Amino acid sequence: MAKFLPPEAFSAAGDALSLLPFNFERIGSTNEYLVANLVGDFVRLTQTELDRLVDLQLRPGDGLYERVYAAHLVTRKGQQSQRQLLALRLRSRMSFLRQITPLHIFVVTLRCEHSCPYCQVSRQSSDRSRFDMSEDIAQRALDIAFQSHSPRIKIEFQGGEPLLNFSLIKEIILAARDRSITTKKAVDFVIASNLALLDDEILTFCKQNEVLISTSLDGPADLHNKNRPRPGGNSYDLAVHGLRRAKEVLGPDRVGALMTTTEASLDRVDDIIDEYLQLDLDGIFLRPLSPFGFAIKTKQYHRYDIEKWLAFYERGLRRIIEINRSGRQFREFYAALILSRMMSDRPIGYVDLRSPAGIGIGALVYNYDGSVFASDEGRMLAETGDNTFRLGHVDNDEYSSLIMSDRLVEAISSSLTQCAPECSSCVFEPHCGADPVYHHATQGDALGIKPLSAFCARQKGVMRLLLEILETPSDAAILRSWAT
Amino acid sequence: MIKLQLSGTAVDCRGLDPRRQRSVVRLNRPDHSATGNHFDFALIRTIEEFDRARSLNWRSVLGVGDGLAPILAEGSERSIVLPSQFDYLADGDVIGIQHATKRFRSLYRQGSQHNSFLVTERCNNYCLMCSQPPKDVNDDWILEEISESVPLLDKGLPSLTFTGGEPLTNWRRFVEIIAECRDQLPNTAIQVLTNGRAFSDSQIVDAWSAARHPNLIAAIPVYSAVDHIHDHVVQARGAFDETLLGILKLKDRRQRVEIRIVLHALTAPTIAQTCRWLSRNFPFVDHVAIMGMENTGFALANEALLWIDPMDYRTELTEAVELLNDARINVSIYNLPRCTLDRTIWPFAVQSISDWKNGYVEVCGSCSERARCGGFFTSGRTRFSRGVRAIA
Numbered sequence: 082m083a084k085f086l087p088p089e090a091f092s093a094a095g096d097a098l099s100l101l102p103f104n105f106e107r108i109g110s111t112n113e114y115l116v117a118n119l120v121g122d123f124v125r126l127t128q129t130e131l132d133r134l135v136d137l138q139l140r141p142g143d144g145l146y147e148r149v150y151a152a153h154l155v156t157r158k159g160q161q162s163q164r165q166l167l168a169l170r171l172r173s174r175m176s177f178l179r180q181i182t183p184l185h186i187f188v189v190t191l192r193c194e195h196s197c198p199y200c201q202v203s204r205q206s207s208d209r210s211r212f213d214m215s216e217d218i219a220q221r222a223l224d225i226a227f228q229s230h231s232p233r234i235k236i237e238f239q240g241g242e243p244l245l246n247f248s249l250i251k252e253i254i255l256a257a258r259d260r261s262i263t264t265k266k267a268v269d270f271v272i273a274s275n276l277a278l279l280d281d282e283i284l285t286f287c288k289q290n291e292v293l294i295s296t297s298l299d300g301p302a303d304l305h306n307k308n309r310p311r312p313g314g315n316s317y318d319l320a321v322h323g324l325r326r327a328k329e330v331l332g333p334d335r336v337g338a339l340m341t342t343t344e345a346s347l348d349r350v351d352d353i354i355d356e357y358l359q360l361d362l363d364g365i366f367l368r369p370l371s372p373f374g375f376a377i378k379t380k381q382y383h384r385y386d387i388e389k390w391l392a393f394y395e396r397g398l399r400r401i402i403e404i405n406r407s408g409r410q411f412r413e414f415y416a417a418l419i420l421s422r423m424m425s426d427r428p429i430g431y432v433d434l435r436s437p438a439g440i441g442i443g444a445l446v447y448n449y450d451g452s453v454f455a456s457d458e459g460r461m462l463a464e465t466g467d468n469t470f471r472l473g474h475v476d477n478d479e480y481s482s483l484i485m486s487d488r489l490v491e492a493i494s495s496s497l498t499q500c501a502p503e504c505s506s507c508v509f510e511p512h513c514g515a516d517p518v519y520h521h522a523t524q525g526d527a528l529g530i531k532p533l534s535a536f537c538a539r540q541k542g543v544m545r546l547l548l549e550i551l552e553t554p555s556d557a558a559i560l561r562s563w564a565t
Numbered sequence: 314m315i316k317l318q319l320s321g322t323a324v325d326c327r328g329l330d331p332r333r334q335r336s337v338v339r340l341n342r343p344d345h346s347a348t349g350n351h352f353d354f355a356l357i358r359t360i361e362e363f364d365r366a367r368s369l370n371w372r373s374v375l376g377v378g379d380g381l382a383p384i385l386a387e388g389s390e391r392s393i394v395l396p397s398q399f400d401y402l403a404d405g406d407v408i409g410i411q412h413a414t415k416r417f418r419s420l421y422r423q424g425s426q427h428n429s430f431l432v433t434e435r436c437n438n439y440c441l442m443c444s445q446p447p448k449d450v451n452d453d454w455i456l457e458e459i460s461e462s463v464p465l466l467d468k469g470l471p472s473l474t475f476t477g478g479e480p481l482t483n484w485r486r487f488v489e490i491i492a493e494c495r496d497q498l499p500n501t502a503i504q505v506l507t508n509g510r511a512f513s514d515s516q517i518v519d520a521w522s523a524a525r526h527p528n529l530i531a532a533i534p535v536y537s538a539v540d541h542i543h544d545h546v547v548q549a550r551g552a553f554d555e556t557l558l559g560i561l562k563l564k565d566r567r568q569r570v571e572i573r574i575v576l577h578a579l580t581a582p583t584i585a586q587t588c589r590w591l592s593r594n595f596p597f598v599d600h601v602a603i604m605g606m607e608n609t610g611f612a613l614a615n616e617a618l619l620w621i622d623p624m625d626y627r628t629e630l631t632e633a634v635e636l637l638n639d640a641r642i643n644v645s646i647y648n649l650p651r652c653t654l655d656r657t658i659w660p661f662a663v664q665s666i667s668d669w670k671n672g673y674v675e676v677c678g679s680c681s682e683r684a685r686c687g688g689f690f691t692s693g694r695t696r697f698s699r700g701v702r703a704i705a
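Which chain is which? The protein sequence lines are X and R, in order.
The numbering of the first sequence is our numbering, which starts it at 82 and goes up by one.
The numbering of the second sequence is our numbering, which starts it at 314 and goes up by one.
Keep in mind that the hints are not guaranteed to be accurate.
Cβ pair distances, simulated, as ranges [said to hold, decoys possible]:
#1 X:561 <-> R:424: 37 to 47 Å
#2 R:523 <-> X:269: 34 to 44 Å
#3 R:616 <-> X:142: 21 to 31 Å
#4 X:499 <-> R:693: 51 to 61 Å
#5 X:332 <-> R:566: 38 to 48 Å
Calculated directly from the structure, the hints in this document are not laboratory data.
These numbers come from a predicted model, not from an experiment.
Backbone N, C-alpha and C define an ideal beta-carbon position, used for all residues, glycine too.
Between the sequences and the hints, there should be enough to build the whole structure, so can you do that?
Shown next, in the form of structure tokens:
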């Protein structure tokens, strides 16, 4: 029998070590650092440990070597497997890019019977010819949607209140189903509606054509009605009734609700969550207020700062974890999204949180008048006179001319977090995204100055909070179960 | 606790082809007519059976029982007689026998769920706990024997394992055997226990993939998330890097891979870290098997270095299994009795020890989990955990 060799024989310190790419930031005012490898796996190191890593003052068996080696922060001369693993994982994370423009938003009308102060676009009007999408424009928009290369597309109907032009929705859905058969491209449908106009005829059609419904629910009746005024002041009753009916007819998993946060919401997160629990919804998306359209004009988005929103978010998230601890499964969807990115390499092309940004290559918006925008926020900016993200018109363009337009290519390529100042060295970069429309709207620049960006502050705040909660094992188990 | 003997020396051996050094023989009940195949022998336990075989035209016979030798030698063209402890052999079983030495090995048992072929004793690892210590000898004849055996196996065989040594030592020849299995045993799941290093060579992993076997898995050990710990366990510098590259190349070509981790004092204390690392870096593997160590072969020589009571890694093992399961990776626990495991991970514990070396101890008689428990190895010098007890 040959002699067995001791551990030292396999860990000679003479082997050249080298660093693999990583980012880091100090945790609060401690002497601890959060360190992330190329694909966003986190480890915590003390100042001393980080210094030793950077200086390669490591040797197998000292404990630190083992931690940083397993985290792909350091490699040994001649080895390939870690680089191959990182490359493979990065490829998987970025492969959402293979799904080119899976989302197509049809603004079938700008008209709405609500007059929400935070709304960016809608019109109080009965002039159908002026603010409704025509059938010709709808058919041209479908031509473009079916030119996109994604094997599966989603058509989302927005407004205004899209149900005010339900006859066109029906025509678009029936035409899209026909095209789906001939092109072998799968199509899903969503209607984003306040549900005030929902009736059985609409529900039956939705059932027959497997249409999903998404509605707005801002919280309890007083808050919701304050945020969402309409003649009669009954927005809440109509939304809740519509939600219940839609769940009955379509099934509980075919209906969702989204909330918008306003200044009035900030002290009410518990009430808002209770409202979602009472309606038997399986989770809530605690959203920030977006700074677009009329919201910019009315300065709504200055009314509270990001710290207040983060406090609102943290209180809500901790409350939701409590609810899960007591046995009820209920998710916060924004946390779930970020946790999925932190805990897996599944490609997540969430259109508002990715780099390259999702404008155009993640979604196209066909406005009622035939103009085509790179994102929903982009068309809202246009309502205030800023046409930066208007890519063209259905009468003059094809899918390829829209996607290859200089405007779009410029906005996407100038905002990549992978090489942006502040972003490229940020420990959270692998889980974050570029938001060129937001930064253009708030700073006049698609890339933006990140230390001044509320988007950046929100992302970092949410991720720091999640990492803090993940330190508590029982809460970590709940958060892990949210990751898809 | 007894272990089934799978090899021995024949009492007698006559009439076998003198131009060949060895034969592969399939056993048949003597109550069917002779098949005429050169590899088919009637299995004889009594004189009555011998008479019946002869009346059905059997000229090739294999007797089990020392006393049968003179009788069989008289009335047949070819005869082999084995000692009586091999009376477990049955219809459909296959043995290989060396003509000159009369040494034989049981190659396949029709009634067993755990059929495996040892492909070679050569290996480029030298694992501290190897249960089948490698020998550096040219044993390519074993590949020929396997090649001759594969067509003789039952077409309904559910699963078959190839082990070693390192089965890919002579990879060209071994890949041919995989292709033979594909053609001869299309319904049989094939598992190959390999250290995976060969697959770091694209030429080899391409050949493996080109066999296009419909139900093939490479079971590859990874002992740590850290290079030098794995390399120490397998006693080969650079093995960690090659093994991981091999797994990546297999998965890149959509081949199925199982990762195996043997638990001992060098791997068990960090099993949770290893599995967290697996869940982040290898979520695409098809199965992870975490297994108790078989205390035999090199494991005995290195017992002082390797022995750890399963009770001393019980918590870490539970965490490891939960981490993998949360990451939706298929995970199983092999070779550990339930009394040493947290109840929460019993659903992952399977009866994995091959029938011929599996047993239970006295206290198991009153255990309510006995029927579902994997029990113990009867091979080597089994060490028992202080946690072994009857579960009420």
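Going through the hints against the structure:
1. With their beta carbons about 44 Å apart, residue 561 of chain X and residue 424 of chain R fall inside the hinted range of 37 to 47 Å.
2. A hinted range of 34 to 44 Å for the beta carbons of residue 523 of chain R and residue 269 of chain X is consistent with their spacing of about 39 Å.
3. A C-beta distance of roughly 23 Å is found between residue 616 of chain R and residue 142 of chain X, which places it inside the suggested range of 21 to 31 Å.
4. Range check, residue 499 of chain X to residue 693 of chain R: about 54 Å between beta-carbon atoms, so the 51 to 61 Å window is met.
5. One distance hint, 38 to 48 Å for the beta-carbon pair residue 332 of chain X and residue 566 of chain R, holds here, with the actual separation near 41 Å.
The structure agrees with every numbered hint stated previously.
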